[in-house]
Amino acid sequence: MTREITYVEAIAEALDEELSRDDDVILFGEDVEEFGGNFGETEGLYEKHGRDRVRNTPLSEIGIAGMALGAAVGGIRPVAELQFADFAATAGDEVFNQIPKQPYVSGGRLEAPLTIFAPSGAGIGAGAQHSQSVHSWLGNVPGWVVVTATTPYDAKGLFKSAIRDDNPVFFLPHKMLSETKGEVPDEEYTLPLGEAVVEEDGEDVTVVATQLMFHRAKEAAAEVDADVEIVNPRTFAPLDTETIAESVRKTGRLVVVDETVERYGTQGYIANEIVENEFFSFDAPPKTIGVKDVPIPLSPPLEQEVLPSADRIAAGIESLF
Amino acid sequence: MTREITYVEAIAEALDEELSRDDDVILFGEDVEEFGGNFGETEGLYEKHGRDRVRNTPLSEIGIAGMALGAAVGGIRPVAELQFADFAATAGDEVFNQIPKQPYVSGGRLEAPLTIFAPSGAGIGAGAQHSQSVHSWLGNVPGWVVVTATTPYDAKGLFKSAIRDDNPVFFLPHKMLSETKGEVPDEEYTLPLGEAVVEEDGEDVTVVATQLMFHRAKEAAAEVDADVEIVNPRTFAPLDTETIAESVRKTGRLVVVDETVERYGTQGYIANEIVENEFFSFDAPPKTIGVKDVPIPLSPPLEQEVLPSADRIAAGIESLF
Amino acid sequence: MWERMTQDVNVDDDTARRFLEEMLRIDIFEEETKERFGDGEIPGFVHLSGGHEGSHVGMGAAMRDEDWLAVGGARLIGQYIAKGVPLPEIMAELYGRVDGSNRGHGGQMHVADVDRKLYGHAATIGSGQNPAVGLALAEKVKGTDNVAVTTIGDGGTSRGSFHTALVFAAYWDLPVVFVIENNQWAISTPAESLSPDSLSDYGDPHNMATESVDGSDVEEVYRAVSDAIERARNGEGPSVIESRVVRLVPHFEGDKETYRDEAEYERLKEEKDPIENYRERLLENDVLTEGEIEDMVANIQDEVSEAVEFARESPEPEPEAAYEHVYRTPLYGQGE
Amino acid sequence: MWERMTQDVNVDDDTARRFLEEMLRIDIFEEETKERFGDGEIPGFVHLSGGHEGSHVGMGAAMRDEDWLAVGGARLIGQYIAKGVPLPEIMAELYGRVDGSNRGHGGQMHVADVDRKLYGHAATIGSGQNPAVGLALAEKVKGTDNVAVTTIGDGGTSRGSFHTALVFAAYWDLPVVFVIENNQWAISTPAESLSPDSLSDYGDPHNMATESVDGSDVEEVYRAVSDAIERARNGEGPSVIESRVVRLVPHFEGDKETYRDEAEYERLKEEKDPIENYRERLLENDVLTEGEIEDMVANIQDEVSEAVEFARESPEPEPEAAYEHVYRTPLYGQGE
Ligand SMILES: Cc1ncc(C[n+]2csc(CCOP(=O)(O)OP(=O)(O)O)c2C)c(N)n1
Ligand SMILES: Cc1ncc(C[n+]2csc(CCOP(=O)(O)OP(=O)(O)O)c2C)c(N)n1
Ligand SMILES: [Mg+2]
Ligand SMILES: [Mg+2]
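Protein chains in written order, with my numbering: chain A, 20 to 340; chain B, 20 to 340; chain C, 7 to 342; chain D, 7 to 342.
Only chain A is shown next, with the shape it has when bound in the complex:
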């Protein structure tokens, strides 16, 4: 049985269930208690699980991420929130140099089973420092498992797996999807990390997209005169290139859409991985679409200009025929 819930409710359910399931799970971050998180994602958890398990922290991302690292090494399973994904940089040393590298540097003797989650993406007029998509930064640092959520179903199932995984996982919901609704099973479930999924079958062209861009790609697919297969990578590191490659072997065409900045973003790498290994499957050049090389502007028309639209995706698809 399933029911319709919102994306934010799905996130809150994942947290609630994992807090209930495993005493070692604790949740902390700024304003996760009474306030319930910026998008309502921690609402009710503090009341239910108590102040030892759900903790407001002082305002410091270095403190949050650093404490999460130590707590994980110390044998518990911290889930830490940053209020915006951009703040991954605010805890830069922890996020780039410490957390993902400590297991490797210790030769595997040290484990860091922590999860950091933070809403990413543009579209709400939050400006250049509260709107970025940072999975290109994180995925470029070996050691992080980088996971995004596209639907309430994904959000819940992937977040639960993220919490249970023994690697450091960075989980990235998208703020524009907070209030979107979708079917979620009544029963408990998890979804595999590290596996892409073909969300829509098609014969003519493969579109890789996640988060908000997935939904725009779906709109675009409805607009164009081609049978579009949509692959949702879900996990950006490690990346399941095989599922994408398999699709391209069938369709012969590839469009990679993502909200990271195009220059050294996710798109070029993903496209090139497939081109490099499946060159002779291609019937047309690959096409990449992302945020052009600019920060996210405040002005709504400017913000929409830089954020790939369904039209831009549709034009990208059509350019390959």
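Please note: incorrect hints may appear among the correct ones.
[What the hints assert, rightly or not] Derived coverage of chain C by chain B (criterion: at least 3 residues anywhere in the stretch with Cβ under 8 Å from a Cβ of chain B; other residues may be distant): (1) 111 to 120; (2) 140 to 148; (3) 163 to 171; (4) 331 to 342.
[Stated by the list, open to error] Straight-line Cα separation of at most 27 Å, DSS-like style, residue types lysine-lysine; simulated pairs: (5) Lys200(B) <-> Lys262(D); (6) Lys200(A) <-> Lys262(C); (7) Lys67(A) <-> Lys148(D); (8) Lys67(B) <-> Lys148(C); (9) Lys237(A) <-> Lys311(A); (10) Lys262(D) <-> Lys67(B); (11) Lys67(A) <-> Lys262(C).
To be clear, the hints were calculated from the coordinates, so they are not data collected in a lab.
Being a predicted model, the structure only gives us computed values, none of them experimental.
From the three backbone atoms N, C-alpha and C, an ideal C-beta is built for every residue, glycine too.
We have chain A already, so just place chains B, C and D with the ligands on it with the hints.
Just chains B, C and D with the ligands now, with coordinates in the frame of chain A:
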């Protein structure tokens, strides 16, 4: 007339000349006074230009980068050193969110003519947190001009331009090249930012490489049975794709070698930019080579294993024929 | 916890009138902002300054035009106004229009005006203090006696970047005044759960001058910040001032404030409104009459209406503007 | 500036002997490390602890095996030894070999041994303190009375991350002991140019217990850290201790130390060598004889030689090992 000097001497000369030329230039960082920098790059400058112009700072990259930003906005031209490029993350908010975005966010009303420089790259057994190549991180953040140095000639000419440029520039020498020697003009000169250069002409295959990888690519070129054209991008953001594309239009083959981590590194983006726009020029799939998706290990054999070797580059070139 | 406000007026009448007028300007501008935001005319986030007006105005009045202000915390608009940015430019920026201070690229969190020496605000709380140190350094290198004032909230003091800025400012005795607006809350996290007695104590280990003042009293803030600026100008180095204020508004528009005790909140609104208190003080001390204040309010309301008109009439940026101001081009030596 | 060292021995004889032995172990191990590095057998950087042995041993002795140590500053090896990591594993790690504590992945800057509750070192100075807070939190959540001790250099205290760690530790009164090894230098930058009188003053605004001790006196450090650990174990929260030591060695091997005053350096070597001073103290107080110390030294030399043999004989990692330990695989739910 030219003379042979080392790469580090070239860097020190650039600093010396710019400090002499422009009173607004000031230099600061950890251990830039008597100690002279970790590789000798600031030797003698403090004695010559005095403590007001060449300043040791307390140990904080956030302090250094943040102060550089304010000083630049305030109307002077700071040149700030971080002891290792990895520490770009240690000043994460300044480097990812503040410095590159402030000019844009202010609608162009605020200028930040600062230069940060930091030695990057692996090879000296410095371990996972002192060996990274970070131009993929920086180049993914619009607003930074990201410049690398491959030879003493480049190091001096590009660094001088970096200091004079009105944008925030991140200048990245490579620590393994510190003691390499090369010809440098006696006269003052600068080199253009934002322009790639064809360093070696060839007909059969284009290899894009910079820093240490450039030198290894040259070795590889000598090993293989093909006429290799080597393009040195010099500036990674903005990237001069046109020079690379022109070369590929001639050769029909492309290998991109760089020391950034392959996943969401520079290589895939660069290769895909050319593939996407010059698809029908390609006689073989593109080939990308970088640090595999691991942190840099301490053990020298492991470090050499993950760092692309001349042999691996040669094999990459040969795989295209 | 709050000391009783003195009922004397300790500045000359003109200054006192300007203080009240400027606080009213902030208040009326922000009330209008709230309406416009509620009507969907203003995009993004809106954080208002209710309760902080005395702190903003006292600080602004203590500064020379040539002194830098680097704004911190999340109470922003009052500070922009106190630094002298014209209301129409601020309002147009809130609207994201081309005539905004930042041409619509920045919005409420990023109003910057280097000509008026407003560095602006780092929307990552606590990232403005090290730039403020750099601004002070630039002034010192250029041989001026200008200072840099920088604000931060109680919450922001937990970020290490703030402490590093203290280290750097102290290291070279730079002319920086750190003002901590302690409004008791970092969104929903109470400042009283932080361990320091006064947040200005953070300056003590550095042997800096520190002071904690009632920030809802505009005159107190004016005095304390003036003293600190004077020390800084005279080469006596940085200071840390805690300005104890109250947040009489939600964290941002939309915040339901479930975490606040209602009775206490009502009491604070009653007792600690800097404008209401100062108004009464000026009336009691015959500095102004009710009628004069009404005129003042009417004038400001006109100004604010004009600012809204200006913003509404300013065009949305053209799409291509999104690609401007990323780089100054050509890059050095390029295309030669 | 340095107080005269007391000549009494204030611990029992066994403890005193262990103190000297452990300091000698560090010294002899490091002398050998220096030689092996000089001969090119050890890759990467080597930072030695000369002058810090008393601080390391006093701190190590104050801890229980179950207490965590998160190492900071750049004086590392002495701390690894003081936490009980076997010499062969340390030496093999310096060599980058498979039998090293970290299988050769980490090297001198990253020796970690979670089984012995050595968190290891963040090679970015000052990034170990917040993890230490997290380690303490984990112990608290698990209901133990174990504490986390974390060290940092004088230089490292300028990083904000250190101050944030103080905020977080104080916020929940976590059992963390912050030890600042103030050896007067951050590479070439003198601590005396920092503004605090004592670096432990950084704990004052947080209302933490603080103390500044002569860190070259092993007994002083032992006492001060024991007291702080006891407080932490009893739920009395975190402490900050400044351990004033001298760096009697270059920053790292290869540092020419052009920035040091030679006469002063010689004086310090003469007066502040923790091992020499303690040796004399134990002799004067008849705790040990010259002959016993010679035996001690000879035994340690054997241990150290064995460690070197062990390291030399340990194989280099196979190339494929470079790709291990990046992820624990399969990822959750993968391949099911
Ligand atoms: C580095 C960073 N972390 C978190 C936030 C989200 N945030 C915005 S305002 C705020 C609270 C700030 O509290 P305080 O510093 O006391 O300022 P106030 O809002 O009270 O003016 C938070 C957590 C942010 N903008 N930047
Ligand atoms: C974040 C960071 N910045 C700079 C360095 C380079 N570095 C290594 S040790 C050191 C000085 C450290 O001084 P201190 O903290 O006093 O420790 P000590 O070396 O005296 O033990 C510096 C600057 C580093 N490793 N990490
Ligand atoms: Mg506050
Ligand atoms: Mg030191």
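Which hint numbers doesn't this structure obey?
No hint contradicted; all consistent.
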